[in-house]
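Here's the letter readout for the chains.
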Amino acid sequence: GENVEQHPSTLSVQEGDSAVIKCTYSDSASNYFPWYKQELGKRPQLIIDIRSNVGEKKDQRIAVTLNKTAKHFSLHITETQPEDSAVYFCAASMTAGGFKTIFGAGTRLFVKA
Amino acid sequence: DAGITQSPRYKITETGRQVTLMCHQTWSHSYMFWYRQDLGHGLRLIYYSAAADITDKGEVPDGYVVSRSKTENFPLTLESATRSQTSVYFCASRGFGGDIQYFGAGTRLSVL
Numbered sequence: 001g002e003n004v005e006q007h008p009s010t011l012s013v014q015e016g017d018s019a020v021i022k023c024t025y026s027d028s029a030s031n032y033f034p035w036y037k038q039e040l041g042k043r044p045q046l047i048i049d050i051r052s053n054v055g056e057k058k059d060q061r062i063a064v065t066l067n068k069t070a071k072h073f074s075l076h077i078t079e080t081q082p083e084d085s086a087v088y089f090c091a092a093s094m095t096a097g098g099f100k101t102i103f104g105a106g107t108r109l110f111v112k113a
Numbered sequence: 001d002a003g004i005t006q007s008p009r010y011k012i013t014e015t016g017r018q019v020t021l022m023c024h025q026t027w028s029h030s031y032m033f034w035y036r037q038d039l040g041h042g043l044r045l046i047y048y049s050a051a052a053d054i055t056d057k058g059e060v061p062d063g064y065v066v067s068r069s070k071t072e073n074f075p076l077t078l079e080s081a082t083r084s085q086t087s088v089y090f091c092a093s094r095g096f097g098g099d100i101q102y103f104g105a106g107t108r109l110s111v112l
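Just so you know, the protein sequences line up as chains A and B, in that order.
Residues in the first sequence are numbered consecutively from 1, following this note's numbering.
Residues in the second sequence are numbered consecutively from 1, following this note's numbering.
Rather than coming from a laboratory, the hints here were simulated on the basis of the structure.
Below, computed lysine-lysine pairings styled on DSSO-like, alpha-carbon distance capped at 27 Å:
{"#": "1", "chain 1": "A", "residue 1": "K100", "chain 2": "A", "residue 2": "K71"}
{"#": "2", "chain 1": "B", "residue 1": "K11", "chain 2": "A", "residue 2": "K37"}
{"#": "3", "chain 1": "A", "residue 1": "K100", "chain 2": "B", "residue 2": "K57"}
{"#": "4", "chain 1": "B", "residue 1": "K70", "chain 2": "A", "residue 2": "K100"}
{"#": "5", "chain 1": "A", "residue 1": "K71", "chain 2": "B", "residue 2": "K57"}
Can you make the complete structure from the sequences, with help from the hints?
Structure below.
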């Protein structure tokens with residue numbers, strides 16, 4: 001089955017710097033890759049997603065890149081702010097006829113003011 | 001987000017007891033999921049359902065039972081709770097043909 005590995009497990013950056021979180025997946029049939037942000041004590045919430053027919057997607061300070069050949073995808077946060085501090089999860093799933101989403105173990109991001 | 005609710009939000013029980021966690025969604029989403037969240041493991045899929053009366057195992061199904069007699073409800077039962085089942089449990093739903101999963105607020109379960 002699908003396996004998703006996420007690195008680093010903890011990331012600390014200075015406010016205004018960029019943060020990058022990387023994930024790899026194992027099943028080449030996966031075609032949908034969402035990223036979730038989870039604040040302390042809250043539910044995971046989708047922040048950005050990318051489909052396998054796209055190499056990059058951007059939404060304001062957040063961008064995601066996908067390399068299907070290498071089975072890598074990454075989250076990039078620019079100009080980080082203290083409110084970006086949270087746990088971020090990557091995930092991989094197949095949308096065509098499938099519905100299982102497998103999550104990475106998460107990255108705890110600290111943004112120091 | 002108010003369309004998917006979990007109850008109770010907090011539960012303390014003892015080993016060997018049966019516990020049922022409830023999940024209700026008002027969107028008529030076809031797919032529903034149960035995850036458990038433990039430190040260092042992220043979100044692990046316990047069971048999922050594609051429609052009423054259709055359920056299947058996820059990554060960590062042992063010790064859990066689900067049912068889905070109605071589209072809007074997807075209860076998760078721990079038949080005989082163990083300490084290793086202490087966790088935060090999240091229910092999620094997803095519409096047919098859609099990609100995005102929407103999560104409930106979670107249930108924090110402690111098994112003593």
